[in-house]
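A.B. asks: My request is simple: use the sequences and hints to build the entire structure.
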Amino acid sequence: MDTLPRAGRGQALFGWGGSLLLAAALVTPFGLLELTDHEPYPAVIFPGGGQFAASLQGERAVFLSSTLIGQSPTGDDVVVDRTELLDPIPASHLGGIIGTEFGQDTTPTQTIRVRKTGLALELPRHVPSAADRQAALRWVAAQLEALGLRPDVLIMRTERVTVDHATGAVLEREVVEEVDLLG
Amino acid sequence: MVDRALSWVWWRIETSTTVPARSLGIFRWVFGAYLLVFDARWFAWLDRTPDAFFDPPVFSLAYLVGRFPPPPFFTVVDIVGLLALCAMTVGYRTRAMTVTALLTYLVSSTFNYSHGKVSHQIAIVLILGCMAVADWGKGSPRRVAQGMSLLAVSICFGFLAAGVDKARFWLTTDLGVSGILSWYYPRMDLDAPRLLAPFVPGTPLWLLKIADFSAVLMELSGFAALLSGRIAWRTWLLVLPTFHLANTLILNITFPTQVVGYLVFIDLAAVFVLKGERLRRARTLGAVLLIAVTSWHVVTRVAGGGSFHVLGGSAAQLVTADIVVSICACLTVIALVARDLLAEVAAARARRTTADRARPSPVAS
Chain A
1 MDTLPRAGRG QALFGWGGSL LLAAALVTPF GLLELTDHEP YPAVIFPGGG
51 QFAASLQGER AVFLSSTLIG QSPTGDDVVV DRTELLDPIP ASHLGGIIGT
101 EFGQDTTPTQ TIRVRKTGLA LELPRHVPSA ADRQAALRWV AAQLEALGLR
151 PDVLIMRTER VTVDHATGAV LEREVVEEVD LLG
Chain B
1 MVDRALSWVW WRIETSTTVP ARSLGIFRWV FGAYLLVFDA RWFAWLDRTP
51 DAFFDPPVFS LAYLVGRFPP PPFFTVVDIV GLLALCAMTV GYRTRAMTVT
101 ALLTYLVSST FNYSHGKVSH QIAIVLILGC MAVADWGKGS PRRVAQGMSL
151 LAVSICFGFL AAGVDKARFW LTTDLGVSGI LSWYYPRMDL DAPRLLAPFV
201 PGTPLWLLKI ADFSAVLMEL SGFAALLSGR IAWRTWLLVL PTFHLANTLI
251 LNITFPTQVV GYLVFIDLAA VFVLKGERLR RARTLGAVLL IAVTSWHVVT
301 RVAGGGSFHV LGGSAAQLVT ADIVVSICAC LTVIALVARD LLAEVAAARA
351 RRTTADRARP SPVAS
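Same order as they appear, the protein sequences are chains A and B.
The opening residue of the first sequence carries number 1 in my numbering; numbering runs sequentially from there.
The opening residue of the second sequence carries number 1 in my numbering; numbering runs sequentially from there.
A couple of the hints might just be wrong.
What the hints assert, rightly or not - Computed from the model, here is a short list of chain B residues facing chain A with C-beta under 10 Å:
1. L106
2. A145
3. Q146
4. W183
Said to hold, decoys possible - Residues of chain B clear of chain A, computed beta-carbon distances all greater than 10 Å:
5. V99
6. F272
7. A287
By construction, these hints were calculated from the structure, which means they are not laboratory data.
Just so you know, these numbers come straight off a predicted model, no measurement behind them.
Virtual Cβ for every residue (Gly too), placed ideally from N, Cα, C.
C.D. replies: So, in structure tokens, the structure goes:
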């Protein structure tokens with residue numbers, strides 16, 4: 001068989017230095033994430049997503065669901081497709097972008113808390129200029145208009161949804177919060 | 001003693017991951033062509049994203065830079081990366097082109113993940129980085145073994161990190177919580193369920209609990225499989241695309257690029273058997289097609305558009321195509337890994353038989 005020659009049984013592929021360096025390169029970013037809840041990049045961490053976002057009450061599943069609501073020119077509420085709204089920005093960035101209030105957040109610092117130590121580091125964060133904030137609002141308005149919606153209305157509606165697990169039928173939707181994202 | 005333990009660990013990893021040198025050359029064509037056709041790097045859109053959205057992770061290069069680079073930075077990086085990827089695939093200065101493609105991915109991804117959230121798309125970077133070490137089978141045997149071992153260890157660690165996160169929550173016998181349903185319901189409330197997703201409601205909770213445990217076990221067991229030998233490693237590699245296929249069918253979550261990457265660990269030379277003139281013709285045709293695809297990507301980016309898919313279109317338009325590609329990739333990889341596993345089992349049996357014959361027969365007293 002045209003198998004590669006073995007690199008050698010006598011000599012390890014990586015010595016102590018190389019092995020420790022590799023271990024550090026793999027473990028350090030994971031350790032930072034575990035300790036601070038802030039994920040570094042690059043980091044060899046595949047999607048975990050372990051935390052429960054839904055709970056079961058007997059045969060009923062209960063979870064929170066966030067929907068973007070726009071408004072048609074006639075004033076009707078319209079569910080906005082996240083992918084179409086952000087296009088070409090990947091829809092997976094929506095949560096992060098909403099976290100910065102579509103670029104309107106001017107908080108000058110962010111706090112990195114180290115778990116179980118009580119340590120807290122105050123680090124500067126990027127504060128967008130007034131011109132950049134206006135440009136971001138114009139961008140969102142243009143995206144909404146391209147979808148045939150009013151440029152000044154975008155609401156994030158969070159609902160508590162109850163589903164019958166036996167059938168998948170939605171039993172109840174209760175609005176928990178509505179946030180005006182462009183207000 | 002400790003040195004011997006270290007040697008043993010790396011020897012086991014090397015044993016599990018060794019493939020013919022020619023196989024890595026074939027994998028370079030398969031992976032490069034897949035990237036250019038279905039997952040072409042497309043970060044040129046970053047030139048049009050509002051600067052106010054810049055919110056990088058604290059532990060990243062982008063945080064140190066402090067803002068998005070001005071246009072047309074990402075369009076240029078895209079073009080350099082695409083050309084490097086194409087050159088790498090067709091075999092022109094493979095190591096240098098692989099490193100170039102890798103650097104463009106790292107730089108672009110750092111800023112891509114500066115929108116307040118880091119995704120976990122690291123597979124391409126890992127594969128390119130480790131294949132730069134191995135030079136796709138053209139490096140010295142030691143370098144090739146190092147590249148393959150690094151990639152295997154990285155993939156095992158990536159899954160381990162994901163498994164540890166899940167294990168904290170999912171490993172409970174409480175039927176009042178379900179990891180899979182925790183992903184399923186919020187997701188399906190936003191997107192129409194496709195394929196097998198509509199059949200999830202009604203699934204007994206104990207069955208979903210078993211699935212939760214199985215997912216965690218699979219993610220945590222990579223290193224054990226890697227150290228156990230070639231058959232165990234290939235068995236684990238067979239479970240991975242099956243897991244991704246289940247995710248695609250049930251949760252409509254796709255990871256096709258990572259799935260194609262698993263092919264690096266199987267003997268592709270036993271499948272792609274073209275030789276001589278036919279091989280030369282196939283290479284020439286492949287190179288012409290990939291240059292055409294790359295040219296199309298470059299032209300669309302220069303024109304201010306672009307897509308990660310050769311068909312073009314936005315992410316919203318390509319949801320169905322992405323799912324189809326994912327299913328095809330998973331099924332193909334499952335078939336190829338299963339074939340490799342069976343060949344490995346047969347080889348192990350043959351070795352045992354040979355050893356039994358060589359053993360002196362007992363002498364009757």
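A.B. asks: Please go over all the hints and tell whether each is borne out by the structure.
C.D. replies: So, going through the hints one by one against the coordinates:
1. Interface restraint check for L106 (chain B): the shortest CB-CB distance to chain A comes to about 6 Å, inside 10 Å, so the restraint holds.
2. Restraint check, A145 (chain B) versus chain A: the minimum CB separation of about 4 Å is within 10 Å; hint holds.
3. Below 10 Å, beta-carbon pairs count as interface contacts, and Q146 (chain B) has one with chain A at about 5 Å; its hint therefore holds.
4. With a cut of 10 Å, the hint placing W183 (chain B) at the interface with chain A holds, because the nearest CB-to-CB distance is about 7 Å.
5. For V99 (chain B), the condition that its CB be more than 10 Å from all CB atoms of chain A holds, with the nearest at approximately 15 Å.
6. The beta carbon of F272 (chain B) is kept farther than 10 Å from every beta carbon of chain A, the shortest such distance being approximately 13 Å.
7. With a minimum CB-CB distance of about 24 Å to chain A, A287 (chain B) clears the 10 Å threshold, and the non-interface call stands.
Hint compliance for this structure: no hint is broken.
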